[in-house]
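Numbering (UniProt numbering), first residue to last: 1 to 348.
Hints are supplied without guarantee of correctness; some may be wrong.
[As the list claims (entries may be wrong)] For lysine-lysine, the following DSS-like pairs were computed, each having C-alpha atoms within a straight-line distance of at most 25 Å:
hint : residue 1 : residue 2
1    : Lys-64    : Lys-39
2    : Lys-345   : Lys-276
3    : Lys-150   : Lys-220
4    : Lys-176   : Lys-345
5    : Lys-211   : Lys-345
6    : Lys-82    : Lys-94
7    : Lys-44    : Lys-82
8    : Lys-276   : Lys-289
9    : Lys-273   : Lys-289
10   : Lys-82    : Lys-176
11   : Lys-176   : Lys-150
12   : Lys-44    : Lys-59
13   : Lys-176   : Lys-64
14   : Lys-150   : Lys-59
15   : Lys-94    : Lys-125
16   : Lys-220   : Lys-125
[As the list claims (entries may be wrong)] Computed spacing ranges between beta-carbons, pair by pair:
hint : residue 1 : residue 2 : range
17   : Val-243   : Glu-279   : 44 to 50 Å
18   : Pro-330   : Asp-36    : 29 to 35 Å
19   : Asn-326   : Ser-209   : 35 to 41 Å
20   : Arg-290   : Asp-161   : 53 to 59 Å
21   : Glu-90    : Pro-330   : 50 to 56 Å
22   : Lys-94    : Asp-135   : 43 to 49 Å
23   : Ser-209   : Pro-337   : 23 to 29 Å
24   : Pro-43    : Glu-124   : 50 to 56 Å
25   : Ala-210   : Ser-266   : 17 to 23 Å
26   : Glu-338   : Pro-43    : 28 to 34 Å
27   : Glu-250   : Trp-122   : 30 to 36 Å
28   : Ala-31    : Glu-333   : 32 to 38 Å
These are calculated hints, taken from the structure and not from any lab test.
We put the beta carbon where it would ideally sit given N, CA and C, even for glycine.
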Amino acid sequence: MLTSGQYIGGDILHVLSQAHPDYEVTILARAREKADTVKQAYPKVRIVIADLDDSDALKQEAQKADVVIHTADASDHEGAAKALIAGLLEGHNKENPGFYLHTGGTGILTWEDAETGNLGQWSEKQYNDWEGVGDLTSLPDSAFHRNVDKIVLEAGETHGDVVKTALVCPPTIYGKGTTPGFDGFLGTGRGPLSSRSRQVYELASLILSAKYIPIIGEGKARWDNVHVWDLSQVYVLLTEAAVSQRLDPEIWGPQGYILAGAGEHSWSDIAAKIAKEAENKGYVPSLEKRSLSREAALEQAGFQAESWGLNSRGRSERAERVLGWNPSAPSLEETLPEIVDQEYKRQH
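With the hints as constraints, model all of the structure from the sequences given.
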């Protein structure tokens, strides 16, 4: 069972369906046209039409599922997380636990910059999901996504014998995921609708349309990144661990907080490289750097754009140590030509 957004979830669906065609799949779709697209690409899946506010449907489907993978607005929708956990609790017991793979986001690590109002400043602070997992599970309540993180962490601590939780926390995601366009559940998995992430893509879109290189604050903020293909592998490895009833405490519960970064970038450096790529392709003239205020960034793309001035840095060791995760997809820099072409085509 997978509750998933079109971009991340669609890629997970593809990879899992290729690796494990025997898994029974149920998809939650919020629109009939998306459901039809999924059904055409994956005729064996079962589809439920509902949205994330339909707590009864979420709860009912979670009761039936052995594994729930949740990526549809997962980091910010309290009701969906509560309903899915409640359903798993009702449908499972100590002898037959359910598994909840929840998607957070490393926007949560920007809390210090957000509270101080620092934009674009250099920071040496780096979290660690192995040696410093306690720092991640005890972040301040004011941190972005923290309200939903707490719901998942509490379930893993209080009901860990019945519901095994893993909180996957991806950073900037890039790469063209091939998604069939669905919002829903995947049981115990690439298509045409949504293949676009946000942060880097909105940055490229702004550079192509406004024709300048945006710099927020001092332009020294750094962020981790991961290709969507590598991110999907984290979920595949976790799902395989769940299906095989691998109950290692290093995977689930209070220790199961997994940063999923594979590389790191400076926002100002990436902006300059996007501009250079666009210039080389003849999409824009030679561009100059220009200061972008927090307010203008928010107007451009909300938090996705404001994040260009915030630091979010974490060392991802847990997935490698306990799951054997070995990210191998093209780097963000290697993918920039694809991103620039994709955004140029969207505008023309």
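To see whether the hints hold, each was checked on the structure:
1. Lys-64 to Lys-39: Satisfied, since the Cα-Cα distance of roughly 20 Å is no more than 25 Å.
2. Lys-345 to Lys-276: holds (17 Å)
3. Lys-150 to Lys-220: With a Cα-Cα distance of about 31 Å, the restraint between Lys-150 and Lys-220 is violated, given a limit of 25 Å.
4. Lys-176 to Lys-345: Distance ~14 Å between Lys-176 and Lys-345 Cα, so the pair holds.
5. Lys-211 to Lys-345: Distance ~16 Å between Lys-211 and Lys-345 Cα, so the pair holds.
6. Lys-82 to Lys-94: Holds: Lys-82 and Lys-94 sit about 20 Å apart, inside 25 Å.
7. Lys-44 to Lys-82: violated (28 Å)
8. Lys-276 to Lys-289: The given pair, whose Cα atoms are some 12 Å apart, holds under the 25 Å limit.
9. Lys-273 to Lys-289: holds (12 Å)
10. Lys-82 to Lys-176: violated (31 Å)
11. Lys-176 to Lys-150: Given pair Lys-176, Lys-150 is violated - Cα atoms ~31 Å apart, limit 25 Å.
12. Lys-44 to Lys-59: Holds - the C-alpha atoms of Lys-59 and Lys-44 are around 22 Å apart, at most 25 Å.
13. Lys-176 to Lys-64: This hinted pair is violated, its Cα atoms lying about 32 Å apart.
14. Lys-150 to Lys-59: With Cα atoms ~19 Å apart, Lys-150 and Lys-59 stay inside 25 Å; holds.
15. Lys-94 to Lys-125: violated (39 Å)
16. Lys-220 to Lys-125: holds (13 Å)
17. Val-243 to Glu-279: 44 to 50 Å: holds (49 Å)
18. Pro-330 to Asp-36: 29 to 35 Å: About 32 Å separates the Cβ atoms of Pro-330 and Asp-36, which means 29 to 35 Å holds.
19. Asn-326 to Ser-209: 35 to 41 Å: For Ser-209 against Asn-326, whose Cβ atoms are near 38 Å apart, the range 35 to 41 Å holds.
20. Arg-290 to Asp-161: 53 to 59 Å: The hinted range 53 to 59 Å holds for Arg-290 and Asp-161, with Cβ atoms some 56 Å apart.
21. Glu-90 to Pro-330: 50 to 56 Å: violated (43 Å)
22. Lys-94 to Asp-135: 43 to 49 Å: Violated, since Lys-94 and Asp-135 (Cβ atoms, about 30 Å apart) do not stay within the stated range.
23. Ser-209 to Pro-337: 23 to 29 Å: At 18 Å between Cβs, range violated.
24. Pro-43 to Glu-124: 50 to 56 Å: holds (52 Å)
25. Ala-210 to Ser-266: 17 to 23 Å: holds (20 Å)
26. Glu-338 to Pro-43: 28 to 34 Å: holds (30 Å)
27. Glu-250 to Trp-122: 30 to 36 Å: holds (33 Å)
28. Ala-31 to Glu-333: 32 to 38 Å: Once the Cβ atoms are compared, 36 Å apart, the range 32 to 38 Å for Glu-333 and Ala-31 holds.
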